[in-house]
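Throughout the sequence shown, residue numbering follows the numbering used here, covering 10 to 771 in sequence.
Please note that a few of the clues may not be correct.
Stated by the list, open to error - Below are the PhoX-like pairs computed for lysine-lysine, each with C-alpha atoms no more than 25 Å apart in a straight line:
1. 679 with 430
2. 120 with 256
3. 261 with 405
4. 405 with 635
5. 679 with 120
Unchecked claim - What follows is a set of in silico ranges between Cβ atoms, one per label pair, in the way DEER data are often shown:
6. 437 with 346: 46 to 56 Å
7. 553 with 291: 40 to 50 Å
8. 611 with 526: 14 to 24 Å
9. 733 with 612: 43 to 53 Å
10. 145 with 213: 44 to 54 Å
11. 56 with 368: 15 to 25 Å
12. 730 with 612: 27 to 37 Å
13. 730 with 754: 26 to 36 Å
14. 526 with 48: 18 to 28 Å
No lab work stands behind these hints: they were computed from the structure. Cβ atoms here follow ideal geometry from the backbone N, Cα and C, with glycine treated the same way.
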Amino acid sequence: MTRNPPQHDVDESRLETSGPKRWAAGLPGVAVSVKRGVEQMGVARTVTTLRLLNQREGFDCPGCAWPEPQGHRKLAEFCENGAKAVAEEATRRRVGRDFFAAHPVAELADKTDFWLGQQGRLTEPVVLRPGGTHYEPISWEDAFALVAEHLNGLASPDEAVFYTSGRTSNEAAFLYQLLVRSFGTNNLPDCSNMCHESSGAALSETTGVGKGSVGIDDFARADLIVVVGQNPGTNHPRMLSALEEAKRGGAKIVAVNPLPEAGLLRFKNPQNARGVVGAGTQLADEFLQIRLGGDQALFQAIGNLLLRWDALDHEFIERSTDNFAAYAEHVRALDWDAVDRATGLPRAQVELLARMFAESQRTIVCWAMGLTQHRHSVATIREIANVVLMRGMIGKPGAGLCPVRGHSNVQGDRTMGIWEKMPEKFLSALETEFGISVPREHGYDTVASIRAMRDGRARVFFAVGGNFVAASPDTEVTSRAMSRCDLTVQVSTKLNRSHVVHGRTALILPTLGRTESDLQHSGEQFVTVEDSMSVVHRSQGRLEPASDQLLSEVSIVCRLARAVLGPEHPVPWEEFEKDYDLIRDRIARVVPGCQDYNERVRRPDGFVLPHAPRDAREFSGTRTGKAHFSANPLTVLEVPEGRLLLQTLRSHDQYNTTIYGLDDRYRGVKDGRRVVFVSPADLARLGLADGEVVDLVSEWPEDPTGVVERRAERFRVVSYPTAAGCAAAYFPEANALVPLESTAEVSGTPTSKSIVVRLEKR
Numbered sequence: 010m011t012r013n014p015p016q017h018d019v020d021e022s023r024l025e026t027s028g029p030k031r032w033a034a035g036l037p038g039v040a041v042s043v044k045r046g047v048e049q050m051g052v053a054r055t056v057t058t059l060r061l062l063n064q065r066e067g068f069d070c071p072g073c074a075w076p077e078p079q080g081h082r083k084l085a086e087f088c089e090n091g092a093k094a095v096a097e098e099a100t101r102r103r104v105g106r107d108f109f110a111a112h113p114v115a116e117l118a119d120k121t122d123f124w125l126g127q128q129g130r131l132t133e134p135v136v137l138r139p140g141g142t143h144y145e146p147i148s149w150e151d152a153f154a155l156v157a158e159h160l161n162g163l164a165s166p167d168e169a170v171f172y173t174s175g176r177t178s179n180e181a182a183f184l185y186q187l188l189v190r191s192f193g194t195n196n197l198p199d200c201s202n203m204c205h206e207s208s209g210a211a212l213s214e215t216t217g218v219g220k221g222s223v224g225i226d227d228f229a230r231a232d233l234i235v236v237v238g239q240n241p242g243t244n245h246p247r248m249l250s251a252l253e254e255a256k257r258g259g260a261k262i263v264a265v266n267p268l269p270e271a272g273l274l275r276f277k278n279p280q281n282a283r284g285v286v287g288a289g290t291q292l293a294d295e296f297l298q299i300r301l302g303g304d305q306a307l308f309q310a311i312g313n314l315l316l317r318w319d320a321l322d323h324e325f326i327e328r329s330t331d332n333f334a335a336y337a338e339h340v341r342a343l344d345w346d347a348v349d350r351a352t353g354l355p356r357a358q359v360e361l362l363a364r365m366f367a368e369s370q371r372t373i374v375c376w377a378m379g380l381t382q383h384r385h386s387v388a389t390i391r392e393i394a395n396v397v398l399m400r401g402m403i404g405k406p407g408a409g410l411c412p413v414r415g416h417s418n419v420q421g422d423r424t425m426g427i428w429e430k431m432p433e434k435f436l437s438a439l440e441t442e443f444g445i446s447v448p449r450e451h452g453y454d455t456v457a458s459i460r461a462m463r464d465g466r467a468r469v470f471f472a473v474g475g476n477f478v479a480a481s482p483d484t485e486v487t488s489r490a491m492s493r494c495d496l497t498v499q500v501s502t503k504l505n506r507s508h509v510v511h512g513r514t515a516l517i518l519p520t521l522g523r524t525e526s527d528l529q530h531s532g533e534q535f536v537t538v539e540d541s542m543s544v545v546h547r548s549q550g551r552l553e554p555a556s557d558q559l560l561s562e563v564s565i566v567c568r569l570a571r572a573v574l575g576p577e578h579p580v581p582w583e584e585f586e587k588d589y590d591l592i593r594d595r596i597a598r599v600v601p602g603c604q605d606y607n608e609r610v611r612r613p614d615g616f617v618l619p620h621a622p623r624d625a626r627e628f629s630g631t632r633t634g635k636a637h638f639s640a641n642p643l644t645v646l647e648v649p650e651g652r653l654l655l656q657t658l659r660s661h662d663q664y665n666t667t668i669y670g671l672d673d674r675y676r677g678v679k680d681g682r683r684v685v686f687v688s689p690a691d692l693a694r695l696g697l698a699d700g701e702v703v704d705l706v707s708e709w710p711e712d713p714t715g716v717v718e719r720r721a722e723r724f725r726v727v728s729y730p731t732a733a734g735c736a737a738a739y740f741p742e743a744n745a746l747v748p749l750e751s752t753a754e755v756s757g758t759p760t761s762k763s764i765v766v767r768l769e770k771r
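Using the sequences plus the hints, can you model the full thing?
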């Protein structure tokens with residue numbers, strides 16, 4: 010049975026909205042971090058965990074993928090949201106058999122995501138049988154046997170979907186994809202499909218490597234840093250320290266965003282005296298309040314002006330790139346009226362930014378999901394690459410392209426083979442190393458997986474981490490798709506929405522968290538992760554596990570593989586579970602750039618994976634062996650009269666789909682999440698008032714005869730200085746408005762940043 014998440018986090022009368030707060034990001038988070046830690050963990054446990062967070066002898070933050078500095082690390086090498094993530098994982102609260110006996114699944118389905126997450130750590134495997142009303146305990150052996158029975162009973166391996174969250178370690182991810190391909194499918198959707206898939210697609214085409222081309226040290230060397238479609242203050246707070254250092258070194262910083270974000274306006278660094286007693290650092294020299302989806306037009310306009318001014322690196326273009334003439338011809342014919350409509354920016358501001366690009370000798374462009382979740386996202390990121398290539402800003406200190414990943418090891422998962430269309434070289438290496446045969450046909454990505462479950466073509470869903478139901482688009486469709494499965498399995502640390510929206514049979518398999526000790530036959534184990542800048546380093550939890558019934562992700566994968574594939578399978582699953590060094594030895598022989606993995610990852614700061622464009626200005630990964638300019642038709646998002654263009658975003662008190670609390674102090678919201686941010690001018694135009702309650706109704710031309718509507722009920726209007734014609738609301742509450750069929754061209758990423766909506770008064 011499909012059940013929708015509840016409509017309210019709190020009584021509407023308690024919701025306070027006081028407009029945007031001019032907070033300085035940083036300092037207030039110290040008190041919040043400590044308070045949250047003590048509430049969840051107690052004083053001693055808070056001190057222990059925070060001391061080890063992002064330290065060489067400790068564990069990697071389970072939050073974002075921003076890198077640690079090479080060399081010296083601060084005593085407190087974490088941010089407010091990282092500390093919250095640790096507090097949530099290391100909490101002393103527990104969810105055991107008594108909890109499940111007292112709470113039917115139907116009751117849990119009526120709880121909010123916040124309530125579910127606050128109940129504590131899962132302590133033993135549980136099963137929901139067909140027609141059952143409660144989750145009940147099940148032994149690990151019986152749980153694996155149940156999964157094996159369902160998988161081996163399928164007509165085809167392609168009737169199973171295997172999802173991966175970005176928190177999975179490199180070792181677990183490598184074994185997971187090995188299990189899935191040994192089983193016979195490439196159905197390996199992951200959270201990257203919903204966030205930076207557009208970045209990978211665009212960069213693979215333009216530079217030959219689908220990753221960023223800068224390191225953390227480059228920020229201190231840059232002349233100009235342009236942050237586009239990203240809110241570091243909430244989503245990557247430690248990035249603010251790197252920006253502050255760059256600012257002290259003389260760099261100019263430009264923020265391009267539909268919303269004014271506190272972290273980029275002023276930063277109070279709690280690590281130094283200026284942050285504690287002073288006014289903090291004003292980071293952004295310029296703020297371009299762009300219209301949603303207008304970034305492609307902005308960078309085409311910059312390219313046009315750089316051509317007009319001949320502000321080009323001719324030697325680099327001639328030696329290292331191709332297709333420049335076609336690009337130049339296209340961008341010279343730019344329609345400036347279309348640029349005005351798309352961006353909503355004054356031309357003087359566009360020209361000012363172009364002049365900054367022209368004058369800078371070392372430029373970094375950063376972006377996140379504000380760019381990656383539109384129909385034309387891949388084209389937009391190609392345009393950023395075009396501008397960077399025009400100026401020769403790649404393969405030199407202080408310059409490059411920087412997609413900022415949002416989940417702690419999402420980049421490492423992809424490196425380890427978590428992708429539905431891994432290249433032939435990787436698949437052949439797997440076969441040679443393990444003596445197995447693996448499929449070549451591309452598998453399902455996230456959106457294709459939902460469609461397959463919806464249509465009855467996929468019958469088993471298995472997830473290592475994450476909260477698939479809450480993270481995915483088109484909530485009602487996704488929920489119905491999950492409920493059609495014969496079996497859904499969630500490997501999790503805490504309760505979430507995906508446990509109460511389930512298949513006919515459902516399993517919850519509890520796993521160790523990043524903070525916890527992992528003791529195997531050969532002794533204490535560590536795992537490895539890869540950050541946003543291709544640095545691979547170790548992570549070792551030190552806390553006693555929340556329950557003696559927990560298994561590591563590696564153990565879960567290895568034991569499941571033995572149950573599904575049988576004892577005669579040529580992969581030594583049992584040995585891998587006993588000693589993770591043996592896994593890393595195989596990674597070294599299969600994954601490019603991972604030679605001597607065990608030795609190099611034991612170095613104090615790990616090692617950096619090779620990146621030919623960054624390291625040597627070589628572009629062997631492209632079709633021609635040169636960096637590629639592209640000519641992209643300009644997209645202008647048109648919105649019918651009386652409608653707004655909506656984006657989904659995080660509050661300051663959440664990370665991905667995990668809700669830490671109900672406040673967003675940077676935006677002046679307290680004790681509530683069902684809010685929609687709309688500019689005062691748009692409120693006046695639409696005849697709405699600050700504080701009114703509305704339904705959000707998205708409109709999508711899914712049917713040739715008209716539009717299909719999706720509704721999210723009872724949102725309170727907050728007057729906020731958004732870009733004209735644009736609005737914003739938090740996910741996952743607003744994910745119900747994102748059509749499953751509306752995806753980015755090439756990458757297939759859901760278009761969560763460009764949803765046409767109308768606001769209906771209640």
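Going through the numbered hints above, which ones does this structure break? Give me the numbers in ascending order. 1, 2, 11 and 12
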